[in-house]
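Chemist: Residues per chain, in single letters:
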Amino acid sequence: MFIGAIGCEPLQLARVHLENSRSLEVYRRHGGYEALSKALTSMSPDDVINEVKKSALRGRGGAGFPTGMKWGFVPKDSPKPKYVVCNADESEPGTFKDRYLMERDPHMLIEGMLIAAFALGAKINYIYTRGEYKYLIDIMDRALEEARAAGLLGRNILDSNFSSEIYTHTGAGAYICGEETALLSSLEGMRGHPRMKPPFPAVSGLYACPTVVNNVETLTAVPDIIRMGGAAYQKLGTEKSGGTKLWSVSGHVNRPGVYELPMGYDDMEKFIMEDCGGIRDAKKLKAVIPGGSSVYIMRAEDIIGRDVRMDYEGIVTGGSMVGSGGFIVMDETVDIFESTKNLTEFYKHESCGWCTPCREGTDWLVKVFKRIEKGEGRPEDAQLMLDLCDNIEGKSFCPLGDAAAWPIQSAIKRFPEDFRKHLLAKDAEQKQPATV
Amino acid sequence: MSQQLLQIQPLSQPVDIGDEIASFSPEIEAEIEWHLAKYPVMRSAILPLMFVVQRERGYLDSPGVAYLAKRLGLRITDIWEVATFYSMIHTEPIGRYHIQICKTLSCKIMGEPRITEHVCDKLGIKPGQTTADGQFTVSLVECLGSCGTAPMLQVGFDYYENLTTEKVDQILASLPE
Chain F
1 MFIGAIGCEP LQLARVHLEN SRSLEVYRRH GGYEALSKAL TSMSPDDVIN
51 EVKKSALRGR GGAGFPTGMK WGFVPKDSPK PKYVVCNADE SEPGTFKDRY
101 LMERDPHMLI EGMLIAAFAL GAKINYIYTR GEYKYLIDIM DRALEEARAA
151 GLLGRNILDS NFSSEIYTHT GAGAYICGEE TALLSSLEGM RGHPRMKPPF
201 PAVSGLYACP TVVNNVETLT AVPDIIRMGG AAYQKLGTEK SGGTKLWSVS
251 GHVNRPGVYE LPMGYDDMEK FIMEDCGGIR DAKKLKAVIP GGSSVYIMRA
301 EDIIGRDVRM DYEGIVTGGS MVGSGGFIVM DETVDIFEST KNLTEFYKHE
351 SCGWCTPCRE GTDWLVKVFK RIEKGEGRPE DAQLMLDLCD NIEGKSFCPL
401 GDAAAWPIQS AIKRFPEDFR KHLLAKDAEQ KQPATV
Chain L
1 MSQQLLQIQP LSQPVDIGDE IASFSPEIEA EIEWHLAKYP VMRSAILPLM
51 FVVQRERGYL DSPGVAYLAK RLGLRITDIW EVATFYSMIH TEPIGRYHIQ
101 ICKTLSCKIM GEPRITEHVC DKLGIKPGQT TADGQFTVSL VECLGSCGTA
151 PMLQVGFDYY ENLTTEKVDQ ILASLPE
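Order-wise, the sequence lines are chains F and L.
With my numbering applied, the first sequence corresponds to residues 1 to 436, in that order.
With my numbering applied, the second sequence corresponds to residues 1 to 177, in that order.
These aren't lab readings, by the way, just hints derived from the structure by calculation.
Glycine included, every Cβ here is placed at the ideal spot set by N, Cα and C.
Where hints are given, some of them may not hold.
Said to hold, decoys possible - With a cut-off of at most 25 Å between alpha-carbon atoms, the simulated BS3-like pairs for lysine-lysine come out as follows:
1. L:Lys38 x F:Lys80
2. F:Lys413 x F:Lys367
3. F:Lys348 x L:Lys126
4. L:Lys122 x L:Lys70
5. F:Lys370 x L:Lys126
6. L:Lys38 x F:Lys123
7. F:Lys367 x L:Lys126
8. L:Lys126 x F:Lys374
9. L:Lys38 x F:Lys134
10. F:Lys123 x F:Lys53
11. F:Lys284 x F:Lys413
12. F:Lys283 x F:Lys421
13. L:Lys167 x F:Lys134
Claimed, not checked - Residues of chain L clear of chain F, computed beta-carbon distances all greater than 10 Å:
14. Phe24
15. Leu47
16. Pro63
17. Ser106
18. Lys108
19. Ile125
20. Lys126
21. Thr131
22. Ala150
23. Tyr160
24. Thr165
25. Glu166
26. Leu172
Unchecked claim - Partner residues aside, some chain F positions facing chain L, computed with beta carbon under 10 Å:
27. Ala202
28. Leu206
29. Phe346
Next up, chain L with everything else stripped away, as it sits in the complex:
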């Protein structure tokens, strides 16, 4: 695989990457350059750049994919191929607050079902759904490395641990409207 990587040739003819290509401010472009500068092979920056694009655009949409293809000198399919492998790359719109509740064994036996039920009751949705106003998405996810402080959930990238239903109320109330 890596041998092939080193031998990737420029595309023999220009590829149509769609009409719409995302564009970013000079600050974001600088951040993208910073990531690209870490690697001898541009393609290695694909995951860091996907996180930048989805942070800026809400999710990795088609114009974002087109941007990455152009920026990294790759095919559109190369970008989709990678994007669809990783659970943290969202190719569909997602709520402003992504609540991820860990459901793996340690959290499970320490009270995850009660937490999940409480979160879902409060928001009126089921795991995997987004509230009608687009504010919250709830997902049940696999181990997030907080087993000693179970049960836990993540809102965006923030960890909330040793959860109780009261604590869940406080967390939800603390998120800016």
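The following block holds chain F by itself, in its conformation from the complex:
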């Protein structure tokens, strides 16, 4: 699998190919912890937040919210303890970038978290990692131990008067815990149910204290921002989407992998057809899901010859979203009815059950898919599925509901033929009226 940068110097992936890249010694030899030192010795917490604001860094977990602004929401005068929580619950189908960042360069995450902790005044911080990534928790624990022993973590970091601790925490197999408020519920030892916003975690998060929850890729961008300055980092990307971004690429390409591209990379066709080696077995491109399974599916004709720029605005113009940056590339052999059924089963399994539209809606949708698959489809089923989606989208407690609806809505709209052939397949033989 390919791991590397295209169209820019690698930033986040700068050290991934070095021998012993996860050791403190290699990290420090390649500029590691210099940004933390710079922040502690020559910057105030507000200076750090301002640099992150200038960098135009947007949250890499999926929502794309400006990171500096998120940090700015933490009340400075609150007497309560503050927390930085790293969201390493990477569970969005098609996304596997955070895994390699932690596996190959764990100290980059520690440094990013400590800079965030310094900016926000957090004394205790957690890395919430999905339970299946047990080996990454072990890697992070070893790296944290190394940092502690070197005076980079714990009391009086780098002999300054700043003290802060980082601990690892494990999830246990629940996609919903990637949603930040569900993650906090889980970290408090509860079922992973999302919470009402507002209050936002910045005001009332972990243990009802001000908390910033950031994705691994977001936090690992912070050391480079402090090192080179926010303005220089922003210039690597576009005005509204600063820096570089990691894209996980899977499916029917010749060269799947984790690609670091400058924000605003031009364009998606070149990326898939050249950088990722094109479609394997000389097949034709049929569909691409560009931002993890939750975003709108794109047709080949939405990409080929359309100059889809790869940043937050560009992909929206192209008809989808950046999301988590997980590209799932499908060739002409894939039946989009089947692929959409697969994803709907995922959302049904992962719906936490807290709110009715998502819990019942995803279950009902799966039943409809299964009925159609059995050959009992009806022409009006496409409309039934769209109606069900309409009753989930925007009406569920957290974005998982939207995430379940969007792939279906876009698939029915953009690949009507794939649905029609299932709905009409055994129309003539149909005897029983449908019950779901």
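Given chain F, put chain L in place with the hints provided.
Modeler: Leaving out everything else, chain L in the frame of chain F:
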């Protein structure tokens, strides 16, 4: 929710947590202490401790639940409530080797059905079942974050990626009896 958490009072009267309570060696108790020391609120350690209990006892059984309730100062129902939410917490016995095959889209289109069929044929069971000797459980699971190296499966916590049927044979043969 979090406001409520901070206001949890000690139980007004002792609660019967059953006759049998699990106990652990001093080494395991030390590991449990290490987890508890990370959090200002004990309840936060519930998932890490569940993994310890199920590793030591094979699954999270009633004595294990009673132990956690006692250790964390919670009700039995609090423990079950959390245990039943998370797919990696097993409240029923499970095979010594838990084979989890990813069935989500990227793995699906890259050959998961062939891998699943092969594993199930070799072990003579269907997904969701355990072999009669209690050695293997096969589960079809949702995305495990190996999409670029699909198809994949996990045995316990170990990742096996870029699978072929030959590779599956080697993996199964490599597991100690």
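Chemist: Hint by hint, note whether the structure agrees.
Modeler: Cross-check of the supplied hints:
1. For the hint linking Lys38 (chain L) to Lys80 (chain F), the alpha-carbon distance of about 18 Å falls within 25 Å, and the restraint holds.
2. In summary, the hint linking Lys413 (chain F) to Lys367 (chain F) is supported, as the alpha carbons are separated by about 20 Å, within the 25 Å threshold.
3. The suggested pairing of Lys348 (chain F) with Lys126 (chain L) holds, with an alpha-carbon distance near 21 Å, which does not exceed 25 Å.
4. For the hint pairing Lys122 (chain L) with Lys70 (chain L), the CA-to-CA distance comes to about 43 Å; that exceeds 25 Å, so the pair is violated.
5. In summary, the hint linking Lys370 (chain F) to Lys126 (chain L) is supported, as the alpha carbons are separated by about 20 Å, within the 25 Å threshold.
6. Taking the CA atoms of Lys38 (chain L) and Lys123 (chain F), the gap is near 12 Å; set against the 25 Å cutoff, the hint holds.
7. A hinted pair counts as satisfied when its Cα atoms are at most 25 Å apart, and Lys367 (chain F) with Lys126 (chain L) qualifies at roughly 22 Å.
8. For the suggested pair Lys126 (chain L) and Lys374 (chain F), the alpha carbons sit about 21 Å apart, so the restraint of at most 25 Å is met.
9. About 17 Å separates the Cα atoms of Lys38 (chain L) and Lys134 (chain F), which keeps this hinted pair within 25 Å; it holds.
10. For the suggested pair Lys123 (chain F) and Lys53 (chain F), the alpha carbons sit about 22 Å apart, so the restraint of at most 25 Å is met.
11. At roughly 21 Å between alpha-carbon atoms, Lys284 (chain F) and Lys413 (chain F) fall within 25 Å of each other, so this suggested pair holds.
12. Taken as a hint, the Lys283 (chain F) and Lys421 (chain F) pair is honoured in the structure, with Cα atoms around 22 Å apart against an allowance of 25 Å.
13. Between the alpha carbons of Lys167 (chain L) and Lys134 (chain F) the distance comes to roughly 23 Å, so the proposed pair stays at or under 25 Å and holds.
14. Even its closest Cβ contact with chain F, about 18 Å, leaves Phe24 (chain L) beyond 10 Å, as expected for a residue assigned away from the interface.
15. Distance check on Leu47 (chain L): its Cβ comes as close as 5 Å (rounded) to a Cβ of chain F, failing to clear the 10 Å threshold; non-interface status is violated.
16. With 10 Å as the threshold on Cβ separation, the claim that Pro63 (chain L) sits away from chain F holds: the shortest Cβ distance comes to roughly 20 Å.
17. With 10 Å as the threshold on Cβ separation, the claim that Ser106 (chain L) sits away from chain F is violated: the shortest Cβ distance comes to roughly 4 Å.
18. Not every CB of chain F is more than 10 Å from the CB of Lys108 (chain L) (nearest about 5 Å), against its label as outside the interface.
19. No Cβ of chain F approaches the Cβ of Ile125 (chain L) within 10 Å, the least distance being about 21 Å, so the stated non-interface status holds.
20. Remark: the non-interface label on Lys126 (chain L) is consistent with the geometry, its nearest Cβ contact in chain F lying 17 Å away (cut-off 10 Å).
21. Annotated as non-interface, Thr131 (chain L) keeps its C-beta farther than 10 Å from every C-beta of chain F; the closest such distance is 22 Å.
22. For Ala150 (chain L), the shortest C-beta to C-beta distance to chain F comes to about 6 Å, within the 10 Å cut-off, and the non-interface label is violated.
23. Non-interface status of Tyr160 (chain L) relative to chain F is upheld: no Cβ of that chain comes within 10 Å, the nearest being about 12 Å off.
24. For Thr165 (chain L), the requirement that its beta carbon stay farther than 10 Å from each beta carbon of chain F is met, with the minimum near 19 Å.
25. In this structure Glu166 (chain L) is separated from chain F by more than 10 Å, as the shortest Cβ-Cβ distance comes to about 19 Å.
26. The Cβ of Leu172 (chain L) lies farther than 10 Å from every Cβ of chain F, with a closest approach of about 20 Å, so its non-interface assignment holds.
27. The restraint placing Ala202 (chain F) at the interface with chain L is violated, with a minimum CB-CB distance near 14 Å, outside the 10 Å limit.
28. Against a cut-off of 10 Å between C-beta atoms, the interface hint on Leu206 (chain F) holds, since the closest Cβ of chain L lies about 7 Å away.
29. The restraint placing Phe346 (chain F) at the interface with chain L holds, with a minimum CB-CB distance near 5 Å, inside the 10 Å limit.
Hints 4, 15, 17, 18, 22 and 27 from the earlier list are contradicted by this structure; the remaining hints agree with it.
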